[in-house]
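Same order as they appear, the protein sequences are chains G and L. One point on numbering: in this note's numbering, the residue at position 37 of the first sequence is 667, and numbering is uninterrupted. One point on numbering: in this note's numbering, the residue at position 58 of the second sequence is 62, and numbering is uninterrupted.
Any given hint could turn out to be false.
What the hints assert, rightly or not - Facing chain G, a subset of chain L residues (Cβ under 10 Å, in silico):
#1 Ala84
#2 Leu91
#3 Gly105
#4 Arg109
#5 Ala121
Said to hold, decoys possible - Computed list of chain L residues with no C-beta within reach of chain G, every gap over 12 Å:
#6 Asp27
#7 Thr28
#8 Ala35
#9 Glu36
#10 Gly61
#11 Phe69
#12 Asp86
#13 Leu87
#14 Phe116
These are calculated hints, taken from the structure and not from any lab test. Where is the CB? At the ideal position from N, CA and C, for every residue including glycine.
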Amino acid sequence: MSGQSAAAAAVADAHRREWALVLAATVRTAGDLDLAEECVQEAYAAALRSWPRDGVPGNPAAWLTTAARRRAIDVIRRELALRSKLPLLVEPEEAAADGAPDRLLDEEVEEPGDAVPDERLRLVFTCCHPALAPEAQLALTLRLVCGVPTGDVARALLVSEATMAARITRAKKKISGARIPYRVPRPAELPDRLRAVLGVIHLLFTTGHTAPSGAELVRAGLVERALHLARMLRELMPDEPEVRGLLALLLATDARRATRVDAAGRLLPLEEQDRARWDRAAIAEAHELVVAGLRGGMPGRYLLQAAIASLYAQAPSYEATDWAQAVLLYDRLLAVWPSPVVALNRAVPLAMVAGPEAALAQVEWLEREPGLAAYQYLPAVKADLLRRCGRAAEARQAYERALALTANEAERAFLRDRLAAVG
Amino acid sequence: MAQYAVLIYAGDSAHRSDATAQDTAPHDRHAEELERSGALLAAYALTPRDLATSVRGDVVTDGPFVDAKEIVAGFYLLEAPDLDAALAIARLNPACRLGGGVEVRPVAGGGFVRHPAG
């Protein structure tokens, strides 16, 4: 690799890994989400110019944070008299500890080290404030905490890019206009604020697990960030069963990461994956979390999803999977979380227990759900069931419909292969 | 510090002409609580929906402006450092326990123009 492309790769890597870190640190200097975001974007652009020339710095996050903060301080100084924006509410004691912008310039800029994960969590809790609409919480966290492009956020949440851009802008305006504070909630508020955060981390994981667009199936950075946030949350709330459940779900799902595509990058279905290459340590950790969580009474949606993922991951082979138990767990999951996506996923083990015709009837019933109208996995599941029922012409139609809705290149290749096999 | 308006929504105002001290007691107690908190800038209880008159365009009609199950039964102004602090106070309103609730709105501007004539 040339120095030029190595530096570009380093910038891309820093974007994937360090975005939240850099933004969260810059927010405290900028005192404003929009300004901080703009400055961080400019810092990455500056890195693209300077790293090929000067070399990749030893600590890219520190370099980027310094660049973003300097830019923020410049803007604040220049616009101090003109700024009409309300400042973001950083907790006073922390604002004091952080120092005034002027002092910051004269000092070594702090390494974004140990304090940074909490800083990121603060950003997550602010983005997940209940005064923001749930869909805005998800969008804002993906955009601001993870640096996911607005187009991908839109796809993950099944809305148009224009709608998503407007939603993010509106949410940011409410944070500053209504003075939603930039902090981790106090212990007493924490349980109430948790559900949205869990939902955000889960969506972050699914966005990373199957990237909504592009050639790469997995965006390891997003997956790892979701796992990291889930672990951090577990430290913060060790006795919360759903925090355990979420971490277990992510671990059990991610344990299969290495086997989800073959050497050529083609997507492999569960039955063709090499179980010997699954991450046994992650599967064991997930299993322990699930067992401990289920002991605690009424399980919530994440614990039940984790129990299902753990059941699949622990089966010695595809054929030996306890499909009946999976259907039972899906029934319990539907009782606490009546989501059409869950009902669709239930059709997969149901087909193994009751036959593809029974599962197909369920999927056809789900086609009436408006929320699933653009959900690419519905026609994909339907096509597979039709194929197994020997209805080739209809299966072909369903695969074509799934292809039309799918932007991920690995998934598209998989669907095209299946389509060709139907004949 | 910022100012927030808290709009109290209820099926109707507790302050009917024939209201007993018992009817308005939870609201009176809450008003005292608010005063002690030091956050309160102004507070108003309104009369029932029967006394409301609305003007839409140039048409005057009897009743609240929005025809809904709940009406604005009163409002007050708070001073609070942030939305969380304002919500913590607002959610103590008895309306939240009595089938209604509150809406919290940051104030853009305004204030007393003059004090009412005695």
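Chain G contact restraint on Leu91 of chain L - CB to CB distance below 10 Å: Cβ of Leu91 of chain L sits 7 Å from chain G, so the hint holds.
Assertion that Gly61 of chain L lies outside the chain G interface [Cβ separation over 12 Å]: 29 Å, holds
Check on Thr28 of chain L being off the interface with chain G, judged by Cβ distance over 12 Å: 30 Å, holds
Outside-interface status for Asp27 of chain L - nearest CB in chain G farther than 12 Å: At roughly 32 Å from the nearest Cβ of chain G, Asp27 of chain L sits farther out than 12 Å, so the non-interface label holds.
Whether Leu87 of chain L stays farther than 12 Å from all C-beta atoms of chain G, as the label says: 5 Å, violated
Given as non-interface: Ala35 of chain L, which should sit over 12 Å from chain G by C-beta: 24 Å, holds
Non-interface label on Asp86 of chain L, tested against every C-beta of chain G at 12 Å: 4 Å, violated
Phe69 of chain L non-interfacial with respect to chain G [C-beta, more than 12 Å]: 24 Å, holds
Hinted contact Ala84 of chain L with chain G - closest CB pair below 10 Å: With a closest approach of 8 Å, the Ala84 of chain L hint holds.
Non-interface claim for Glu36 of chain L, where every Cβ of chain G lies beyond 12 Å: 24 Å, holds
Arg109 of chain L as chain G interface residue, shortest Cβ-Cβ below 10 Å: 8 Å, holds
Hint check, Ala121 of chain L versus chain G [nearest Cβ-Cβ separation less than 10 Å]: Hint violated; Ala121 of chain L Cβ to chain G Cβ min 36 Å, cut 10 Å.
Going through the hint list in order, the structure does not satisfy hints 3, 5, 12 and 13.
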